[in-house]
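Q: Read off the chains here:
Number of protein chains: 4
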Amino acid sequence: MVIVMSKEATEQDLEALKSAIEELGMQVHVSRGEERTIVGLIGNKRNVEGFPFTSYSGVESVVHVTHPFKLASRDFHPEPTIVDVDGVQIGGGNVVIMAGPCSVESREQLMESACAVREAGAQILRGGAFKPRTSPYAFNGLGEEGLKLLAEAREKTGLKIVTELMDLENLELVAHYTDIIQIGARNMQNFPLLRELGKIRKPVMLKRGLSATIEEWLMAAEYVLSGGNKDVILCERGIRTFETATRNTLDLNAVPVVRRLSHLPVIVDPSHGTGVAAYVPSMSKAGIAVGSDGLMIEMHPNPAKALSDGAQSLTIPQFHSLMKEIKALTQALGMRMEGLPLSV
Amino acid sequence: MVIVMSKEATEQDLEALKSAIEELGMQVHVSRGEERTIVGLIGNKRNVEGFPFTSYSGVESVVHVTHPFKLASRDFHPEPTIVDVDGVQIGGGNVVIMAGPCSVESREQLMESACAVREAGAQILRGGAFKPRTSPYAFNGLGEEGLKLLAEAREKTGLKIVTELMDLENLELVAHYTDIIQIGARNMQNFPLLRELGKIRKPVMLKRGLSATIEEWLMAAEYVLSGGNKDVILCERGIRTFETATRNTLDLNAVPVVRRLSHLPVIVDPSHGTGVAAYVPSMSKAGIAVGSDGLMIEMHPNPAKALSDGAQSLTIPQFHSLMKEIKALTQALGMRMEGLPLSV
Amino acid sequence: MVIVMSKEATEQDLEALKSAIEELGMQVHVSRGEERTIVGLIGNKRNVEGFPFTSYSGVESVVHVTHPFKLASRDFHPEPTIVDVDGVQIGGGNVVIMAGPCSVESREQLMESACAVREAGAQILRGGAFKPRTSPYAFNGLGEEGLKLLAEAREKTGLKIVTELMDLENLELVAHYTDIIQIGARNMQNFPLLRELGKIRKPVMLKRGLSATIEEWLMAAEYVLSGGNKDVILCERGIRTFETATRNTLDLNAVPVVRRLSHLPVIVDPSHGTGVAAYVPSMSKAGIAVGSDGLMIEMHPNPAKALSDGAQSLTIPQFHSLMKEIKALTQALGMRMEGLPLSV
Amino acid sequence: MVIVMSKEATEQDLEALKSAIEELGMQVHVSRGEERTIVGLIGNKRNVEGFPFTSYSGVESVVHVTHPFKLASRDFHPEPTIVDVDGVQIGGGNVVIMAGPCSVESREQLMESACAVREAGAQILRGGAFKPRTSPYAFNGLGEEGLKLLAEAREKTGLKIVTELMDLENLELVAHYTDIIQIGARNMQNFPLLRELGKIRKPVMLKRGLSATIEEWLMAAEYVLSGGNKDVILCERGIRTFETATRNTLDLNAVPVVRRLSHLPVIVDPSHGTGVAAYVPSMSKAGIAVGSDGLMIEMHPNPAKALSDGAQSLTIPQFHSLMKEIKALTQALGMRMEGLPLSV
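Chains A, B, C and D supply the protein sequences, listed in that same order. The opening position of the first sequence corresponds to residue 1 in the UniProt record's numbering, with each subsequent residue numbered one higher. The opening position of the second sequence corresponds to residue 1 in the UniProt record's numbering, with each subsequent residue numbered one higher. The opening position of the third sequence corresponds to residue 1 in the UniProt record's numbering, with each subsequent residue numbered one higher. The opening position of the fourth sequence corresponds to residue 1 in the UniProt record's numbering, with each subsequent residue numbered one higher.
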């Protein structure tokens, strides 16, 4: 951390600041430039987390030179984390495809989806049982009934299951049924929830918040990791920008940035990222080529009858056709795409 | 709602769409233009909430012509809502000032703050007992001990109390102690929490999310209102933009927009809105002049020792000086600023 | 400037970097922390403008600790600049109102506007003769004919004139007729144009670009100042954000930020800032209360017949009513609003 | 176009609006819903371009149901445009790579770059002779000398040339030397410049503005097309968002959106899009996989000595290695990458 003194700062200002820093158990390193004096802090950064240096007289600004996350950082964990989901590896060069309907709507709808996902060679079935909706009047999921159907589909197909958890109340319930707990964009900074997720032993897929910087996203992961749960998967699902031609702006740049800063695997969700089914195939291919660890894709047997997010869902034939392209791409890029074991 | 057909749409496409709409209990109104055919839907919009029209063949886009909120809308409630907080009116032309430290840190710190807030003529004391922090390693509040100190300060000064609730677990506890429950920006779309807030009888102050549109903010209010709790206060606290000279971009434009669309009172928070104490006085005055129902301001007896948000906190003398300017402004604008009753 | 070395940087990396810096005529100051080594550069920053330090092995990032502008900075010019427009002072506590139609459309329209502006007590008449339009098919101004009408209106009313210049071709022509040359948001980084504006002796009002940071805006002013023209006025006119309820997001936070960083006067344009006439009065009042040096407001004798921007134009009675409120506010805030001399 | 009446609109309001619309030569189609009456306009939309309908009493909002561009639209030109650059085809499934240094710095630097570009199998050499710089004190290009060196490199290698034009003054000069005229992000809405580009017969590559919507970008292309120049190439180079981990946010979503709306070819620039050399290879591969017509990549013989944008420039070996990957990818995706003729 570097503190920049204003042009008008006096020697007394500097001395007062130095005392305050030393009281916090840090060392001080002063550097006098032509226009500004800067003060470097040396020592354990956590000592000064959130300390209000700019309230000190003569202080112009505070500049952070390292990232605030530790456990999520590649600095202290250079090897990529591989999350093992009951035999399916996420991270480490294996491309994983998660697909299925936005919401679990009925046994028929889910089983048809699951079979199609399995047949196409994907490894994980997605489906929402608890749905966050911007309108209080919209369909918000089947609840436990949906979880049971997901478990039934896993039984039938051998696919692993990922589904969203929205609140602490249902943590135990959701963890009981699912293989991966998905935390949605709106809950990325639900800190009480993140703390509890750190205490369980179940992989957590953490979606990036609509306006979360990559640093904030990794800090949210840090909450889970610092609780002791090492199985965190990141998921880029689009950020909010001024552009309205797409529902969100899928930020593929986040993939190489995360790779550089962190060891955690990262998945791309082109369905929420664009909000338009017609854009999903091209953004899926880009999501693979950019080097992510896999995709999460919405697919529905009949999008025109979907109870949520039909506009961004692929049909089953569209999904199958896309999977063929993805496989060719994966090969050309020298990546693996390990399927499920044959015997279910 | 208006559906725009693509240039290539056929008569069969149109017929299929019309059937689907009629099945939903709506009437159809077709308008054939030179470039596009558009289809108007007439009837109760809730019937078609989230229906995937763009999945139908020949549909280019869906255009919403009304807002999705009802109870929060001025259309159905033309008179402004006045929230009565145990005698202090929020809304209806009375300017309310909420002030105090970011976090409750100690009895001494809080009592000194409360006395200064009371003396300056403000009506409501703010102070966090549960703090959302981006870092898992940062101070996160005194919890119930903080709530008790707030209640003690109310007892002593007659000020009303506002404090943040972060999760369902603590709803009953926080509601027991506070006069207004504050919901932070990160929880603006915590739907399970909003649903429960609709069931209690305690004013709720709902901060705008960092990247929430005004429409989404009013939809969040709709969640609370639709549960039966009519005492919702909105709070603009800055949005996230590309500009980094301020912590957030306080969006004062939101005040006249909310006034036009809704009957709910709206408060401005220049402390979080800018993140810099030096900018708080001018943005406070702008927040009054723009016609809001009041301000929420961070003030600390010693910002340089604050455990959170010291950089954006005014000192006690700065706050007193600002209050004098605010009073002059309020008068010049023909607004009221009713203080607390003299006898406590 | 501070250079942060990566955790993996070697001593050779550090030595190579130090040599490069010293070759540029700067001194080096190395500070070894627990996690990172940082390298401070001491000397004239212009020597290293744009130098690709991150291309050096072992360099993680470059952190700027001072702003890149000099002539626009308060550091080297602590007193506020007052731009004298033929007797009307902009800056230094005098509130200036610029008003008039978006485009000059006809003699009748302009004279009616000018008389109304004069009568209401404003000092400057605005009106576009050259109009930037997003559509090549839209009305783009009367050109020189419009400039002549503006000069005629000045003759008749004594008002000063501000009008937009769009390209180098018309610089001489526009400078001949107008008192202040307005540079629109889209031209804020038209560097060849800015360079030429530095060579003339005529006040320049520089609008902030739609997505320009405050630092970039001040760098654009630096272009003009560095050419020798000291009469630069800044104008905040709204930035582009995710919010669509307003045409732009008028960023009033920019006013105190500019005050802190620069000595240049700053004007607020609530008409382009919001794009909606109904929001102009409240944002105008906020624009005064925040401490700007004045406003630029669109007003039209008949907005429903305006050839451009009718939706954001006030009518003459609305403008007169707003001016009364602005005067009361200016007084309450202890600011001046010096009108034009009585004799014209 | 659809006009939405407010709830309070009267029959007289409706009649007045209808008259105004009919006077503009359009037909009116009224649709009365439960909450709102909406008015459809039928006829040539250009008649009502910019007409201030919201200034009419009882009008709540105006909703556009078609895009404002015509010549750039796929509606009226379903076949993709292929721009022929002296034998190199841009568009229509041929992948084109433009590469070279940010600025032309010397004969030696440019010739070394050109040979490396040619050898790697790219078709077009980039290099700036006129450079837009945010600082008035930074290197701004060699001017005509740079253009001459580019022409010499073309002579020597057979590569085609693309270079930036910044102002009308140099249009003739730049057009004389280059094969493609590049218009930078900051000039995307320099309307006088766009108008003149419509009058010449030379391909124009139009970069997307930092905060330009895709619709505005296509409207800028419309300016050039409407002047008669049909050879417009679009270039996505990153937009400005809240994220600061990358210099800009390369918006690959724009590629499928442009494909759907327009027939014009679109190129991706990962160098400016990310601003960090380490992210360029992965974003280049994503830019190909998403289905663009090619890439523009910055490469420098010695980035650590580059006079501009060294931080985002690949070295020659990095570029060669990336080209190999791109070729494999192109093949896997079923696209072509036609090189230059063998004989130069």
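Rather than coming from a laboratory, the hints here were simulated on the basis of the structure. Predicted, not measured: the structure shown is a model, and the values here were computed from it. Mixed in with the good hints there might be a few duds.
Same chains, same names: a pair is fine if it fits in one copy or spans any two.
To be verified - Simulated pairs of lysine-lysine, BS3-like, Cα-Cα distance not exceeding 30 Å:
#1 327 x 202
#2 18 x 230
#3 156 x 18
#4 148 x 45
#5 7 x 18
#6 7 x 45
#7 7 x 305
#8 70 x 156
#9 45 x 18
#10 305 x 70
#11 70 x 202
#12 70 x 18
#13 18 x 305
#14 230 x 305
#15 327 x 156
#16 202 x 305
#17 324 x 199
#18 45 x 305
#19 230 x 7
#20 199 x 230
Q: Indicate, hint by hint, whether the structure satisfies it.
A: Here's how the hints hold up against the structure:
1. Taking the shortest alpha-carbon separations for residue 327 and residue 202, only the intra-copy value of 28 Å comes in at or below 30 Å, while the best inter-copy value is 41 Å.
2. Neither within a single protomer nor between protomers do residue 18 and residue 230 lie at most 30 Å apart by alpha-carbon distance, with minima of 38 Å and 40 Å respectively.
3. For the homomeric pair residue 156 and residue 18, neither the shortest alpha-carbon distance inside one copy (66 Å) nor that between copies (39 Å) is at most 30 Å.
4. Taking the shortest alpha-carbon separations for residue 148 and residue 45, neither the intra-copy value of 46 Å nor the inter-copy value of 32 Å comes in at or below 30 Å.
5. Both within a single protomer and between protomers do residue 7 and residue 18 lie at most 30 Å apart by alpha-carbon distance, with minima of 17 Å and 26 Å respectively.
6. In this assembly of identical chains, residue 7 and residue 45 lie within 30 Å of each other by CA distance both inside one copy and across copies; the values are 26 Å within and 15 Å between.
7. Taking the shortest Cα distances, residue 7 and residue 305 sit within 30 Å of each other only across copies (24 Å), while inside one copy they are farther apart (65 Å).
8. Within a single copy, residue 70 and residue 156 get their C-alpha atoms no closer than 41 Å, and across copies no closer than 44 Å, so neither meets the 30 Å cut-off.
9. With identical chains, the CA atoms of residue 45 and residue 18 are at most 30 Å apart both within one copy (16 Å) and between copies (26 Å).
10. In this homomeric assembly, residue 305 and residue 70 come within 30 Å of each other (Cα to Cα) only across copies, at 26 Å, whereas the closest approach inside a single copy is 46 Å.
11. Taking the closest pair of Cα atoms, residue 70 and residue 202 come within 30 Å of each other only inside a single copy of the chain (21 Å); across copies the shortest separation is 41 Å, beyond that limit.
12. When the C-alpha separation of residue 70 and residue 18 is checked against a cutoff of 30 Å, the pair qualifies both within a copy, at 26 Å, and between copies, at 29 Å.
13. With identical chains, the CA atoms of residue 18 and residue 305 are at most 30 Å apart between copies only, with a shortest distance of 15 Å across copies and 66 Å within one.
14. In this assembly of identical chains, residue 230 and residue 305 lie within 30 Å of each other by CA distance neither inside one copy nor across copies; the values are 39 Å within and 35 Å between.
15. Taking CA atoms no more than 30 Å apart as the test, residue 327 paired with residue 156 passes inside one copy only; the shortest distance there is 24 Å, against 42 Å between copies.
16. In the homo-oligomer, the alpha carbons of residue 202 and residue 305 never lie at most 30 Å apart, since the shortest distance is 33 Å inside one protomer and 40 Å across protomers.
17. Neither within a single protomer nor between protomers do residue 324 and residue 199 lie at most 30 Å apart by alpha-carbon distance, with minima of 39 Å and 46 Å respectively.
18. Taking identical chains as interchangeable, the C-alpha atoms of residue 45 and residue 305 lie at most 30 Å apart only when they sit on different chains, with a minimum of 17 Å there against 53 Å within one chain.
19. Proximity of residue 230 and residue 7 under a CA criterion of 30 Å is satisfied inter-copy only: 23 Å between copies versus 46 Å inside one chain copy.
20. Taking the closest pair of Cα atoms, residue 199 and residue 230 come within 30 Å of each other only inside a single copy of the chain (10 Å); across copies the shortest separation is 38 Å, beyond that limit.
In summary, the structure is inconsistent with hints 2, 3, 4, 8, 14, 16, 17 from the numbered list given earlier, while agreeing with the others.
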